[in-house]
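Chemist: Chain by chain, the residues:
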Amino acid sequence: MSRRLIVTMILVASLPHVASAQWNLARRTIGDTRLSMSVGVDPAVIGSVGLHHTVRIVGLRTQLGADAGIVGGEADLRDYRARLGAEVQLVELGQVRVAAALSGIVRGTSTLLFRGTNIGADAGLTAGLYRRGWFVAGEAGFDKAILTHLVHSDWYRERVYREAKDGWYLDNGGTWRFGAAIGVSVGATELLLRGGLQRTQGWEPLLVPAYLSIGVGFDL
Amino acid sequence: MDGRWIRCLGAVALGACETMTMAEPGNLVPATVMENPALPAITINGTRLHAETRGDPSKPVMIVLHGGPGADYRSMLPLAGALGDFSLADRYFMVFWDQRGAGLSQRHDQEVLTLDQYDADLLALADRYSPGRPVTLLGHSWGGMYGTSFIDRHPTRVAEAIFIETGPLTGATFERIKSDLYDLNIRREWLNDMAWATRFFSADDHARMDYQLLLGSEGAQPRNNSRRGPHGEPGWRYGAKVSRYLMEDGQDANGTMTYDFTANLRQFTGRVLLIAGSRSEVLGPSLQREQLPRYANATLRVIDGAGHDVQWTHTTAVLTAIRDFLASPTVGGAR
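Line by line, the protein sequences give chains E and H. So in the working numbering, the last one in the first sequence is 220, and the numbering has no gaps at all. So in the working numbering, the last one in the second sequence is 335, and the numbering has no gaps at all.
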């Protein structure tokens with residue numbers, strides 16, 4: 001792969017594109033800001049906090065967003081995710097809306113085998129029925145693990161493979177997802193439930209084949 | 001954008017220019033015999049197996065069966081060592097091999113990763129090294145199950161067997177103990193690490209699958225009480241596909257384990273030594289005592305202070321138990 005393409009991929013993943021979190025599009029107005037919190041299994045137990053702001057970009061209503069999350073288990077701060085992105089509403093036909101999302105992601109982990117850092121990107125498409133008090137939508141998306149940096153542990157080198165190579169790995173696959181989201185709103189508060197199934201880029205089953213999360217958002 | 005950010009982006013871009021691929025043999029996991037011709041190997045039944053022998057080929061043959069399914073024989077090699085003037089490698093011609101799709105042997109897809117194929121492989125191995133003469137089996141964990149299944153199907157091809165920490169011999173037993181065997185609490189660090197790792201690379205080829213499976217090495221089965229840390233039981237490489245598909249081959253359509261390796265087992269009158277680690281809570285003494293009557297002529301030795309990895313952590317005690325068993329006239333007579 002050429003240097004130009006690699007650098008372009010990194011920049012694309014790092015720029016503020018579309019947020020993958022799926023909230024009620026009917027409640028978004030230009031200039032509003034929302035705080036969100038979610039917890040779920042996606043694909044590990046993860047809790048996150050995010051901030052979203054709605055703007056108009058080239059005539060399209062766009063939610064810019066950022067969130068940060070910590071992966072469960074022993075709540076190791078080295079197991080984290082940070083996302084920066086946006087969700088663009090592409091179609092509005094009465095109560096039917098279609099939105100596309102893209103986000104750049106940085107993830108970290110510390111495991112028995114390695115310490116890892118990943119630069120990824122997530123692209124998604126949602127379509128559904130949106131009213132101010134509730135919505136239901138279907139979603140499909142792909143989370144690409146673009147670049148992954150690994151540093152192997154002493155455990156791995158002693159017990160398994162002394163010559164394991166540390167460094168940046170490219171072409172690491174990704175995860176498809178297909179699911180649904182429903183949400184209800186009470187006053188300035190929004191509740192969200194998302195769930196669905198996941199497969200690897202090569203359509204292999206995952207250890208955790210499904211994702212499920214609940215979220216709450218507050219209009220600020 | 002200040003200079004620090006420019007330097008950071010530059011460093012990432014520079015790193016990206018020196019990227020590797022996970023599927024490349026030797027990067028994440030060692031190469032198999034298909035990629036590394038320097039590894040000792042044999043070919044049987046259309047598959048290339050990582051294998052080596054110890055001892056005099058004219059001696060009775062002992063075939064060593066590693067655990068898993070999917071693991072390798074690395075942690076079994078110390079059993080070829082000496083205990084004073086006793087050595088299995090002096091008494092037997094020992095055959096160490098990584099089973100089909102496991103360790104450093106050739107990788108395969110689901111079609112040839114079945115219990116029937118595994119049986120055919122072991123029969124071919126016995127015929128290759130010990131034509132017309134029964135073999136001795138030495139198995140650990142899954143290797144004990146595999147060896148028992150082979151005895152069940154071919155009782156005349158086996159002279160005697162030594163099985164260490166054998167897993168459940170029937171699907172019904174597996175179903176009964178499986179919740180004790182695996183720690184699948186969603187809050188466990190190992191489980192979350194394993195799930196979270198799928199966002200760093202997806203298991204779409206053998207190298208990534210095998211690598212990813214190892215993330216559960218220390219956390220998945222805590223009641224085995226195996227030695228933890230860098231000096232625990234070693235292995236070269238785990239075969240993820242064979243681990244998955246052999247397990248599935250023992251299940252019915254609902255995912256319930258239905259295999260039975262004991263249907264004809266009592267027809268075998270050769271001697272069997274079962275060895276358990278006293279600290280192995282699920283696969284240890286209690287399970288081995290329960291499974292002992294499945295064999296017509298078996299005895300059990302419990303190694304004090306050992307976990308499921310007893311052959312690695314307590315090699316001397318295991319060799320002592322084997323030496324005493326082979327010398328004892330009380331179970332089936334001495335050789």
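Worth flagging that the hints you see were computed from the coordinates, not collected in a lab. Here a beta-carbon is modelled for each residue, glycine too, at the ideal position from N, C-alpha and C. Treat the hints with care, as some may be off.
Said to hold, decoys possible - Covered by chain E, per the in silico footprint, the following chain H stretches (three or more residues, Cβ under 8 Å):
no. : segment
1   : 228-241
2   : 253-263
3   : 277-287
4   : 308-321
As the list claims (entries may be wrong) - Here are some chain E residues pointing at chain H (derived, C-beta under 7 Å):
no. : residue
5   : Thr148
6   : Val151
7   : Tyr169
Chemist: Look at each hint and say if it fits the structure.
Modeler: Now the hints, each set against the structure:
1. Residues of the segment 228-241 of chain H lying with their CB closer than 8 Å to a CB of chain E number 9, which satisfies the three-residue condition for coverage.
2. With 0 residues having a Cβ less than 8 Å from any Cβ of chain E, the segment 253-263 of chain H misses the three-residue criterion, and the hint is violated.
3. With a cut-off of 8 Å between beta carbons, the segment 277-287 of chain H has 0 residues touching chain E; three or more are needed, and the interface restraint is violated.
4. Check result for the segment 308-321 of chain H against chain E: violated, 0 residues qualifying (beta carbon to beta carbon below 8 Å, three or more required).
5. Interface restraint check for Thr148(E): the shortest CB-CB distance to chain H comes to about 5 Å, inside 7 Å, so the restraint holds.
6. For Val151(E), the interface hint is violated, since its Cβ never comes within 7 Å of a Cβ in chain H; the closest pair sits about 12 Å apart.
7. The closest approach between the C-beta of Tyr169(E) and any C-beta of chain H is roughly 5 Å, which is under the 7 Å cut-off, so the hint is satisfied.
Of the hints listed earlier, those the structure fails to meet are numbers 2, 3, 4 and 6, in rising order.
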